[in-house]
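K.L.:
Let's have the full structure, built from the sequences with the hints guiding it.
Residue numbers (the numbering used here), protein chains in the order written: chain A, 9 to 698; chain B, 111 to 406.
It is worth saying that the hints were derived from the structure and are not from the lab.
For each residue, glycine too, the CB sits at the ideal point set by N, CA and C.
Here are some of the chain A residues that sit facing chain B, going by a computed Cβ distance under 10 Å: (1) Met455; (2) Ile457; (3) Phe459; (4) Gln460; (5) Asp463; (6) Ala531.
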Amino acid sequence: MTEPAQRLIGKTGKTANALELRDLSVAYRVGGRNRAVLRNLNLSIGQGEAYGLVGESGCGKSTVALSVVRYLPRNGSITGGAIALDGQDVMKLDAEALRRARAESVSMVYQDPGKALNPSIRIGRQLTEIFELAGISGQAAEDRTIAMLNRVRISDPASVMQRYPHQLSGGMQQRVAIAMALANDPSMLILDEPTTGLDATVEAEVLDLIAQLRQELSASILFISHNLAVIANMCDRVGVLYAGMLVEEGPTDAVFNDPRHPYTVALLRCLPRGGQRKDQGRLDTIPGFLPGIGADIKGCAFADRCALATERCRTEPPPLYDLADDRGRRLSRCHYHEQAQSLPRATPYNVALPSRQAASPAVLRVEGLNKTYGSHGHLLRAVKDISVSLRPGETLGLVGESGSGKTTFARLLLGLVPPDEGGMIELEGKALAPRLESRSDEQVKAMQIVFQNPDSALNRSHSIRHLISRALKRLAGLSGAALEARLNDLVRSVRLTERHLAVKPRQLSGGLKQRVAIARAFAGDPRIVVCDEPTSALDVSVQAAILNLLADLQSKEDVSYIFISHDLGVVRYLSDRIAVLYLGRIMELGPSEDVFAGPHHPYTEALLSAVPKLDQAETARIRLDGEIPSATNPPSGCVFHTRCPRKIGPVCETQEPPLNEAEPGHSIRCHILYAELARLQNKVVQPEPA
Amino acid sequence: MSATDSSATIPAPAPNDANRRGPLAEVFFSLLRSGTFLTGLAIVMFWVACALFGEHFAPYDPLADDIINALAPPSAEHWFGTDQIGRDVFSRVIVGSRDILTVAPLATLLATIAGTALGLFTGYFRGIVDDIISRILEAFMAIPVVIVALLAIVALGTSKTTVIVVIGLSFAPIIARTVRAAVLAERQLDYVAAAQLRHESALHTMFVEILPNVIPPILVETTVRLGYAIFAVATLSFMGFGIQPPSPDWGLSISSNYGMIGGGFWWTVLFDAIAIASLVIGVNLAADGVHGAFND
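P.N.:
Given below as structure tokens:
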């Protein structure tokens, strides 16, 4: 670990691959039957290579990770094939050798660092323990721990070691988890969605760290993620997993820029990329569903969802065609791989929305809204002095890291949480009572919400029919035949069918559940629908369909959205205007295009820079140091000054800048003059390769 | 809308065995596979059958005395012997399940209904309502059931109804506590906020939205309470405040015969005691099974 960094490139160095899976089949026993999850999976990772595995939920990504160390859940079993780590057959290891392999050569980092760390043991103890297992003890173990924490760029290891996991932020916890994983100098590092639960700025830091560590360590990496952009930025090669099979494999940039399997093609098209907006057209979607686990697949697993599929695809399982060219080895499991990119769109692109920037009066006006929570004697200002307005048919996007007050703001609007005295919420010209109970039925039905998590938002005891018809009864005041007719309309407009009505939410997939939630929100012809991260729990193909649906409903019903999301691509697709929140304050507010194109607030700039992008026009990176300050004790002056890369001096620490209107409709809360921001940001936006 | 037509057909959920059954059906099937539950159920059903049909297959009239044969030890004629006035112990044990199996389940049912209502109210309204009611319930729970029962029965007179009400109300706070905890967790879920955003009444939200989702802990708590209720009824009967003579009730029989143990007439007490124990064990095994089925 302490020896100088050496990086073995791919095929050179040792002869054996770091990881080799040959015809690996894994099954889970469910309901008394073995159901195939991985089907004859072949995969090899060279020494020092970073291999990305992408795919939608349920395709078997995590099962691959668990199989490598034979860590499958009790109902899982390896039904065929071989796994070799550094040429050593994992299947043949006895319990002791397996334990040693897990302890010495493979390390895993999971999605939720909070669960990977023991909550009741100090960080230092948890780390030294690993060295003690390796036979190093006392002061030496302590020194190694400090070195390890330094290595994961924790600047104050001594104090971090004294702390308990809950006293660290998510990003710090993940650093510690990575430090633990690296402690035994593994030859194989498995990262299973290591940044999925983190904010964009923190994710960027952790990804930077992993990239730097790759330069220093000799470990090979298996990087599992549903986020194509993360894989694109981190990995040499990528494999696309579908229904437990590799459908495509090759060098990362080749696969993402020149995909040769219709599934990869379709997946890439689902993402709102390159600043695509709702008025420019719809996102593409992938019709249908992933085959269920253990499904009997006759031909190509993707055939049912593929517009290119022919009879041959349905009957003859395609082999992994080798498409090797000068860019390296490429594989595609498609009979028609050379036509893959001609895959017709599942959703037509057309549909230009009428642009309605007409001067219609605002449907919602918010003036000086505040929310303060008392917490252990401290005051927590969750929302501070927010004023915005919303026009009919307009979408206001709210972005910001967790803790920025996005959701609190939404709940204040809805009346689920009463705001502090003094603020004003006005719906169609009439002031709204602070509490939901004191609002009129009309006002309540005019503002509805689509929650983030449909499992929590839909009552699991009720049928879909009950859920929607209850909303129609209460919000639209319908009953009898009229209700039935409207129910059918509504169900059709969110593209569900009659058959879905009889079932309970748990029998539907995440995307379908979210459609039910949308139908319910639209039951009373609302004027405003708050969408609180409605697609964050969904796969990209499903996300695209939901975003299209929201855009369609908006153009049809002229409803306004308040759209909360941490995914800037998604916000950009749907929003007309954007408010950037930080510690409960609006830092920037303006038309979506202006906010994205800049000049923007330094915080917006950092947020945009943090998001991993598929389109490799990498701009200079701006990384925010440190953590989001606590809202109970916000920094003096400009609340962003502690992390601001463009801080100009003491004025930032002493005076809170006002939200200045820089251009008509575009306001920025910064001491730096607009023209100066433009100059600064244009300078940096130019090349300087990262 | 042309953009939407192509995706207009979303197939209904693929038939998937894991999804085909509802959650309660799932629990039911898992109960059928649980040895613990089935054993408990068999014991309880045995006593239920005795309560319902015992008088038809009991060899003697459980109330008929036969002084000549008083205190006869177990024999081919009297399997479990006879008591002080010559009544057949075997017949009395069989028929003796009737009263306890009426009173204990009804008391538990009362406790469940009252406890569920209290738990829903305190968990739903939280705040001051919760504080006041919960403190009162806690104070109530601090007094031993038997003392409350004795006072109530002395004041109200002895009858089965009194026993049911007293035990039911004593157990209600315990069930309320369980229900409250479950309701507090449900209260955080967004479907409750969604109900508020439809201006649903509090009663609707509590009983139609939340209640169906807290059924599992209620069922578990009810079966556990049933075991305690049987115990409580037997105790009260033993002390003379529960089921009254001439019922062949187990607790009552033990109470009237335990003085005889010293004289070596163990059979007048032992079989009733075993009956009580087996019924409680049966109920507890079943409760264990129910708990396991809901928490797998």
